[in-house]
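Full structure from sequences and hints, please.
Chains A and B, in that order, are what the protein sequence lines are.
The first sequence maps to residues 1 to 343 in the working numbering.
The second sequence maps to residues 344 to 461 in the working numbering.
Do not rely on the hints blindly, as some may be mistaken.
As the list claims (entries may be wrong) - Below, a list of computed lysine to aspartate or glutamate pairs in the EDC-like style, where the Cα atoms sit at most 16 Å apart:
#	chain 1	residue 1	chain 2	residue 2
1	B	378	B	389
2	A	68	A	81
3	A	82	B	381
4	A	72	B	389
No wet-lab data here; the hints were simulated from the structure.
Just so it is clear, the structure is predicted and the values come from calculations on it, not from any experiment.
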Amino acid sequence: MPQTLTQLLDGSVLAMPIAAGLIMGMLTVNVLMLVWAERKVSAWIQMRMGPTEVGPFGLLQTLADMLKLISKQLITPSNVDKPLYHLAPLLAFAPVVAAVALFPFSESTILVQNDYGLLFVFAFGGIAVIAIFMAGWGSNNKYALLGAIRSVAQNISYEVPLILSALSVVLVVNAMGPTLSSGDGVVAINGLDLSHIVMTQDQQGIWFVVLQPIAAIIYFISALAETNRAPFDIPEAESELVAGFHTEYSGMRFSLFFFAEYTNMLIVSMLAVVLFFGGWDGPVLPGPAWFFLKSYAVIFVMMWVRWTFPRLRFDQLMTFCWKVLIPLSILNLLATAFVIAVL
Amino acid sequence: MSSYAQLALLLGLGIALGAMPLVLPLLIGPRYKGKDTESTYECGVDPVGSSWLRFGIGFYVFALIFVAFEVDILYLFPIALVYEDFGWRGFVEIALFLSILSLAVVYAWRKGVFHWAK
Numbered sequence: 001m002p003q004t005l006t007q008l009l010d011g012s013v014l015a016m017p018i019a020a021g022l023i024m025g026m027l028t029v030n031v032l033m034l035v036w037a038e039r040k041v042s043a044w045i046q047m048r049m050g051p052t053e054v055g056p057f058g059l060l061q062t063l064a065d066m067l068k069l070i071s072k073q074l075i076t077p078s079n080v081d082k083p084l085y086h087l088a089p090l091l092a093f094a095p096v097v098a099a100v101a102l103f104p105f106s107e108s109t110i111l112v113q114n115d116y117g118l119l120f121v122f123a124f125g126g127i128a129v130i131a132i133f134m135a136g137w138g139s140n141n142k143y144a145l146l147g148a149i150r151s152v153a154q155n156i157s158y159e160v161p162l163i164l165s166a167l168s169v170v171l172v173v174n175a176m177g178p179t180l181s182s183g184d185g186v187v188a189i190n191g192l193d194l195s196h197i198v199m200t201q202d203q204q205g206i207w208f209v210v211l212q213p214i215a216a217i218i219y220f221i222s223a224l225a226e227t228n229r230a231p232f233d234i235p236e237a238e239s240e241l242v243a244g245f246h247t248e249y250s251g252m253r254f255s256l257f258f259f260a261e262y263t264n265m266l267i268v269s270m271l272a273v274v275l276f277f278g279g280w281d282g283p284v285l286p287g288p289a290w291f292f293l294k295s296y297a298v299i300f301v302m303m304w305v306r307w308t309f310p311r312l313r314f315d316q317l318m319t320f321c322w323k324v325l326i327p328l329s330i331l332n333l334l335a336t337a338f339v340i341a342v343l
Numbered sequence: 344m345s346s347y348a349q350l351a352l353l354l355g356l357g358i359a360l361g362a363m364p365l366v367l368p369l370l371i372g373p374r375y376k377g378k379d380t381e382s383t384y385e386c387g388v389d390p391v392g393s394s395w396l397r398f399g400i401g402f403y404v405f406a407l408i409f410v411a412f413e414v415d416i417l418y419l420f421p422i423a424l425v426y427e428d429f430g431w432r433g434f435v436e437i438a439l440f441l442s443i444l445s446l447a448v449v450y451a452w453r454k455g456v457f458h459w460a461k
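Right, dumping it as C-alpha cells:
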C-alpha cells in the first residue's frame with residue numbers, strides 16, 4: 001500500500017488539519033491559475049489580449065478580483081429560504097476538498113488512502129447536485145429555480161454514462177490479474193482503488209485509453225456535462241437565465257460556488273488521467289509532475305471545447321444522453337465483459 | 344484513524360474552511376439595507392409572486408429513470424470486482440442484468456419521455 005501523508009503523521013491529531021491546509025493551498029492556487037488560464041485561452045482563441053494589466057501577463061488579475069469579492073457585502077435577500085440559502089455554498093464547497101484528498105499524485109504521494117476511492121469520488125461528486133438544487137430552490141428567484149432544475153436533470157442524467165464508462169475500466173483492471181506488485185510487495189488487485197488502477201496501467205505498459213477508447217470519449221463528454229461547461233452550460237445560459245442557480249449569490253458566497261466549479265474541473269480531469277491516461281506514469285520527470293501535466297492537458301482541452309462549440313438546446317442535451325451515450329456505454333460494457341470472458 | 348474517519352473529518356474541515364471567507368466580508372464589507380438591496384433579482388422590476396412554482400413533469404420522469412438506473416448500476420460494482428472468477432456464467436448474468444436494465448430506456452423511449460413537447 002502506498003505510503004500516505006497520514007501514515008507519516010501517524011497518530012498525530014494534526015494529520016487531517018494539515019492535509020486540509022495543503023489541499024486548500026493547492027486548490028486556491030489551482031483556481032486562481034485556472035481562471036486566468038481560461039481568460040487567456042478564450043482571448044487567444046478569439047484573437048484578443050485577455051487580462052494584461054495586473055502583474056506580469058495579467059497573472060494577478062484573479063487575485064485582484066478575489067480581493068474585490070472579499071470586500072463586498074454579503075447580501076441576503078429578504079424572501080429567501082434562509083437555511084437552504086446559507087448552507088448551499090458550503091455544501092458545494094466541502095466535498096471537493098475531500099475528493100481531492102483521494103487522488104494518488106504518485107505511488108507514494110496520496111493524502112487519504114482508501115480502498116474504494118473511485119466510489120468516494122463519485123459520491124462526493126453527487127453531493128454537488130444537492131447543493132445546486134438547494135441554492136436554486138432556496139433563492140426564491142425564477143431564474144435560479146429554472147437553472148437549478150436544468151442543472152439537476154443534466155447532472156443526474158450524465159452521471160449514468162460517466163459511471164458506466166468508469167465501470168468498464170474497473171472490469172479491465174480486475175481482469176488484468178489477481179495480484180499486483182506494489183511498494184509493499186504483492187497485493188490483491190482492487191479495481192476501485194485509484195492507485196491500483198494506475199499501477200495496473202504502469203505494469204502492463206498500456207494506458208486504458210487504448211483498451212477503452214469508447215469509454216474514454218463517453219467519459220470526457222459526460223465530464224463536460226457534469227461540470228456544467230459549454231457546450232453543456234445550459235444551467236447558466238447567460239443569455240436566458242442571467243446566472244442560473246447562483247443568480248442571487250454575490251461576494252464570497254458566489255466565490256465558493258465558483259471555487260467548487262473550477263475544482264470540479266480539476267477533479268474530473270484527474271479522474272480521467274487516473275482511469276485512462278496512466279496517472280503518474282511517465283519517463284524522466286517525477287510522478288506528481290506527470291500527473292499534473294496530464295491533468296492540465298485535459299483541462300486545456302475542456303477550455304478549448306468551451307470556446308469552440310456553441311451551446312446545445314436543452315432537449316438535444318437530454319436526448320443525446322439517453323438515446324446515444326447511455327445505450328453506447330451499456331454496449332461498451334457488454335463488449336468489455338464479453339472480451340474478458342473470451343480471454 | 345481509518346480512512347473513512349479521515350474523509351468524514353475532511354468534509355467537516357471543508358465546511359469550516361468554506362465558512363471562514365464568509366466571516367471576513369461581515370467585518371470589512373459595506374452594510375447597506377433597504378427594500379431594493381434585499382429584493383431578489385427579476386429584470387430590475389419588483390418580483391411578481393413566489394418563485395416556488397410547479398415545473399415541467401418531464402424533469403420528474405427523468406429523475407425517476409435516473410434513480411432506477413443509478414441504483415442498479417451500483418450493483419454492478421461488486422460484480423465487476425469478482426467478475427474474473429466466474430467466466431462465461433458471469434458474462435451471461437451481467438448480460439441478462441444489463442438487458443433488463445436497458446428495457447427501462449426502451450420503455451421510456453417508447454413512452455415518448457425523450458420527446459420534448461414544443
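Here is what the structure says about each hint:
no. : hint          : verdict
1   : B/378 - B/389 : holds (10 Å)
2   : A/68 - A/81   : violated (27 Å)
3   : A/82 - B/381  : holds (13 Å)
4   : A/72 - B/389  : violated (23 Å)
When the structure is compared with the earlier hints, violations turn up for hints 2 and 4 and for no others.
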